[in-house]
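K.L.:
Chain residues, written in single-letter form:
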Amino acid sequence: MTGLLLQGVSIGVLNEVSLTVPRGQVVCLSGPSGSGKSRLLRAVADLEPHGGQISLDNLNQQSVPAHQWRRQVVMVPAESQWWFDEVSAHFPEGAGERLPAALGFPAEVMDWSVSRLSSGERQRLALWRALVQEPDALLLDEPTANLDNESTEAIERWLLQEIEQRQIATLWVAHDSAQIHRVANVHYRIRGSALEPVHGSD
Amino acid sequence: MEVIDLAWWKLGLAALLVLALAATAYLGRLGITRSLLVAAIRTVIQLALIGLVLEALFASSAFYWIALLAAVMLLVAGREVVARQGRRLKDGWAFGIGTGAMFVSSFTVTVLALAVVIGPEPWYTPQYAIPLLGMMLGNTMTGVSLALDRLNDSVWRQRAVIENRLMLGQTWQQALEDIRREAMRSGMMPSINAMAAAGIVSLPGMMTGQILAGSPPAVAVKYQILVMLIITVGTGFGAMMAVSWGGRRLFDDRERLRLDRLTKP
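As they're listed, the protein sequences go chains W and V.
Per my numbering, the very first residue in the first sequence carries number 290; after that it's consecutive.
Per my numbering, the very first residue in the second sequence carries number 4; after that it's consecutive.
For the record, the hints were derived by calculation from the structure and aren't laboratory data.
A virtual CB, placed ideally from N, CA and C, is assigned to each residue, including glycine.
One or more of the hints may lead you astray.
What the hints assert, rightly or not - Non-contacting residues of chain W with respect to chain V, defined by C-beta distances greater than 10 Å in every case (computed):
1. Gln361
2. Ser369
3. Glu485
Stated by the list, open to error - Simulated DEER-style distance windows between Cβ atoms:
4. V:Val41 / W:His464: 56 to 66 Å
5. V:Arg261 / W:Arg387: 34 to 44 Å
6. V:Asp181 / W:Gly385: 55 to 65 Å
7. W:Ser402 / V:Leu20: 47 to 57 Å
Claimed, not checked - Derived coverage of chain V by chain W (criterion: at least 3 residues anywhere in the stretch with Cβ under 8 Å from a Cβ of chain W; other residues may be distant):
8. 63 to 73
9. 249 to 263
Work out the full structure: start from the sequences and follow the hints.
P.N.:
See the structure below:
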């Protein structure tokens, strides 16, 4: 079985959640705010103590050092953080030359200072920052929350293409049902302490 | 040259000046009267008591009494380190880390200075050991508490940044790098500033005291240089250990940031 596998994961209000995210596919999670979507992502990234088993391609989360796990299973938070003054300092050498056109940045963006970026620009760059790590799994927490409709769809197309091409198992927290409809292979909604599969155009 | 002893009533004159300051502050509603008076009374009582203790100690010179006084000084300094931190580690870790760091650095450096550099016979001769240890502890305490306070406070404020760095696969040491540097700077700054200003802006207290007590300035200066160097070394290693142990405690074995291990006073 290749991909991300959650077995009986418990964190916060969520209890015994089991879920499979095959490689190259997008599993969307939705639910009211405070229902524990983000915390479930944090459990998968091993940022919070949690119950249950999580594995990636049969590699158990607890069997490798945490930073190694997080290098393969990269989470992009809803509010991305930037700690150096220059954009380029957050990226590995040469990332600027491979900057995808779909992000809509000129090549000089790497020389910009972080303070002049808008929240939408930060969010797009944060997605690129995660992808240059070449992860095997991506955990996206409302990745298009600060974007307008047009760039949202452009970013979605780019992400889906990367996910397909690099065979990344993707767990995507979203609230917009139109977006879920566009990107999800499978969609779960959080109801109380459990996940409930959502079918069709719902 | 014989030292001029001060009569107690003459100290009363200095105390009257403090009272005058307190009265002025009170009339000006400056709000420091109470803490000023409490601190002044504390300093008189504490120093008078330590004077008696030192008189007795110098008379006996027994190793276990000196060790006991050193232990008491260390524990009080440990308590002070905890009290000077805004957010601190729970469950005795703040005290343990602060006291441990001060113990390892101050005691090692003091013993080294006594045994190797100054060389009184025996090495724990209280006239040398106690004042030296007191100065070491006092300064290390400041350095350690500033460093730990800065560490905890920065981690608390920059939680999102640290976690975002962890999410990108950085180790906890990498994610804490900038904060560790800031905390070290904060802890070392007083010692570095004191060394930079010594002799030009300020005449350090110990040297002044020795000169007042009749030592030739050349000797006093040598002691002062020794003391400033070892104070800086003690403070530096103390702060380094405290930051390293404190930083480790803020993460668990899965390199997760554990802010639940911090408490607000």
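K.L.:
Flag every earlier hint the structure violates by its number, smallest first.
P.N.:
1, 2, 6 and 8
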